[in-house]
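A.B. asks: The listed protein sequences correspond, in order, to chains E and S. Position 295, counted from 1, in the first sequence is what my numbering calls 295; the numbers after and before it change by one each time, with no gaps. Position 53, counted from 1, in the second sequence is what my numbering calls 53; the numbers after and before it change by one each time, with no gaps.
Everything labelled a hint here was simulated from the structure, so no lab data went into it.
Each pair may be met inside one copy or between any two copies, as identical chains are not told apart.
Calculated cross-link-like contacts (lysine to any residue; reagent style SDA-like; alpha-carbon spacing at most 25 Å):
hint, residue 1, residue 2
1, K269, G302
2, K172, E186
3, K189, T170
4, K66, N250
5, K285, N246
6, K229, L241
7, K323, G281
8, K57, G219
9, K66, L252
10, K41, L99
11, K57, T199
12, K57, D72
13, K189, D26
14, K172, G142
15, K323, S216
16, K172, L195
17, K269, G162
18, K57, G163
19, K57, G162
20, K57, F277
21, K189, S216
22, K189, D279
23, K57, R215
24, K189, R175
25, K57, D217
26, K229, E308
27, K189, Y166
One letter stands for each residue in the lines below.
2 protein chains.
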Amino acid sequence: MVWFESLQHFISEADQVLIVSHVNPDGDAVSSTLAAGYLLKRWGKQVTMVNESPVPKKFFILEGTKEIVSTDQISGRFRHVIALDCADRERMGNIRQLLAEDAFIINIDHHATNERFGDVNIVVPDAAATVEILFDWVEQAGVSLDQRLASYLYTGLLTDTGGFRYSNTTPKVLRIAAQLVDTGIESHKIADAVLETVTIEQLQLLQKALSSLRRSDDGLVAWMSLSRKDTDAFLQSHEDLDGIVNYARNILGVDVGILFRETEDGTVKVSLRSREFVDVGKVAKAFGGGGHARAAGCTFHGSLKEAEEKMLPRLRLELECEKR
Amino acid sequence: MVWFESLQHFISEADQVLIVSHVNPDGDAVSSTLAAGYLLKRWGKQVTMVNESPVPKKFFILEGTKEIVSTDQISGRFRHVIALDCADRERMGNIRQLLAEDAFIINIDHHATNERFGDVNIVVPDAAATVEILFDWVEQAGVSLDQRLASYLYTGLLTDTGGFRYSNTTPKVLRIAAQLVDTGIESHKIADAVLETVTIEQLQLLQKALSSLRRSDDGLVAWMSLSRKDTDAFLQSHEDLDGIVNYARNILGVDVGILFRETEDGTVKVSLRSREFVDVGKVAKAFGGGGHARAAGCTFHGSLKEAEEKMLPRLRLELECEKR
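Just chain E, same shape as in the assembly (with noise of 0.2 Å):
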């Protein structure tokens, strides 16, 4: 691998690194940051380890979660820096405070859109996570795996592949999954503690997005709202309403669920996820939003009940033209 050898250079040449990745992180943004943070503290170097928002709480299981700090938290300017998961500059948040002037940073990751904004730019979109990235560079490392950093490569791979159920669970990922739990890490309560445990504000958001739940008459569309009330006194954070919207999408013989949320200024915000039909990023563009195929967004200003009736036939139309 060719990237190997400016990896180990860089490392050579640190003796202090910051180690950052993106705003509002999500497991593979949390382990990869623990799992490099580790490995350079491994080396002796010095390691900084930095996020601007704080660690959601379902990680601190892992070890040494508290160890990443805010970016209040710290003073000084790094030469060396580590980006991970982070597909542009502005994903590492606000950091500009803590370069030096002549920061070398090394940009890893495994978003195909990934900007390449780093001075190294290790950015592998076949990879399923950042954390299998870091695995890779392990192996040729020749570095031992003991259960601390198996347990950081096992939390990244199974939140980034929704517990080995999305597409880009490949052989590898299984593969890299068994010679991580080989280690003898506890996986089941990783995964009871990363995938399955919830707060009871997003079982109270999700039982009121329940009691609106409605299906088209050909039961091929799903919908819910929540409306400003609801998330007044349940949301925390955003990842929550994500969960929401895909339990309309899960119903047997849905093509399309929908979540209409209220928000603070006066707009609905419009969540789309399909299972195989209709392309919800064209439907989403039409309304001045966006996204994927299979899940994507947009805004309308109005009311709930506004929102829903453009949305609907919208939906209808694109059902029809497909059955065509």
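Position chain S against the provided structure of chain E, taking the given hints into account.
C.D. replies: Relative to the frame of chain E, chain S by itself:
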């Protein structure tokens, strides 16, 4: 493997084989039936696959599910029988009239509690699923893995490990999964169909249960209840309830999750799940029920309110004693 030879001998003797799995089949039951049937047909055998209960719709993604017939759709008596994933004879359901007097039963199962009711018993408690034993058979027999066979074996592994989340997710399981995905099966579509897909009735039942969700002041116990009216309206299968009690257990900080459910016969069925501290098997036993430390159940005579008034103080006591 010692058992391999008896299996091959059985196959060489048999022309017509009856394949049966347990009543209310889960993913491993359906998949092991289909996999064994497919293997035997490839070897030129006449195969009848039977199950007392209908195959749940979510498994229709697997080719050939419609060839699994119900007990009353077939006649004749079989001399060669393979029982899959059945811990005891009763689990096979009412198949007595299908067995010849000198019927020879091969009992293939992974439950440690298996009663060894067969003429040959291939019971492997270390296997995560019955399909794991079938995979070993396929390897030993030198059978090439095609996508159809791989999709069956993958489904059984996936469902019996809770989507690779339970503690039976061994490195071996993950390595087998990798080999199965190597064949090019769309494993994410299987995961979507068998793990993610829900019926609208399941969601309606979930909504009813969530609307009753309460949590103890210390956050360690969470409980929900379903009235007779709720279950009459929405309950279709008992599997649906398993899913629901886990929502209570999965709340951050909760150790014991409970579902109280009014039944037709004027009793209240109680499902208990725990994470770490309370042995709910012991608690259930104190009320005449049973189960394991992490999953158990019992039945009370009386109303939902009376059941709560008996169960909650008992759990409080357990937690106080654990905290000493």
